[in-house]
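Participant: Sequence:
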Amino acid sequence: MPKNKIKKTTPRQPPSHIEGVEYRGKQAKTGNSLGFRFDRALFKSHPEFNGEVRATVIAPGRMLVSAETSGSGQHRDDVVVAAFLAFLAKEMRREPQAIMPLDEALTHRIDALVDRVSVSPDEDLGDEALI
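The numbering of the sequence shown is our numbering, which starts it at -8 and goes up by one.
Take the hints with a grain of salt, since some may be wrong.
[Said to hold, decoys possible] Simulated crosslink set (DSBU-like; lysine-lysine; CA at most 35 Å straight-line):
1. K35 / K20
2. K35 / K17
3. K81 / K35
4. K17 / K81
Read the hints as simulated data drawn from the structure, not as lab findings. Because the structure is a prediction, the values reported are computed rather than measured.
From just these sequences and the hints, can you work out the full model?
Facilitator: Structure below.
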């Protein structure tokens, strides 16, 4: 009796223009340098990455890749804060019902906790302050 062949299928991914789609890649040698090679789908779905990019290591094993903007001398935003704000905006669009006003009792409690704390925007916080 002949064996039936089972066709393997891969799970269907959401359209690649949606945030959160994962693209696979690996290190590749290019000339005398090393680089990363990613699936073609990344560059088809996100043409902003066809030009120059900047990589920022944000944690061990984590890197944020940003497309370079064409304007030179522009103010540079903090890439980690920008990534967090983009994530926050996506979550707000995904679950708008979860957005609630800040509780007034909590704001009074916060005010009481910091009432007598003096601050100076010019104060040196030292090397240990990470924000």
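Participant: Mind listing which of the numbered hints don't hold for this structure, in increasing order?
Facilitator: none
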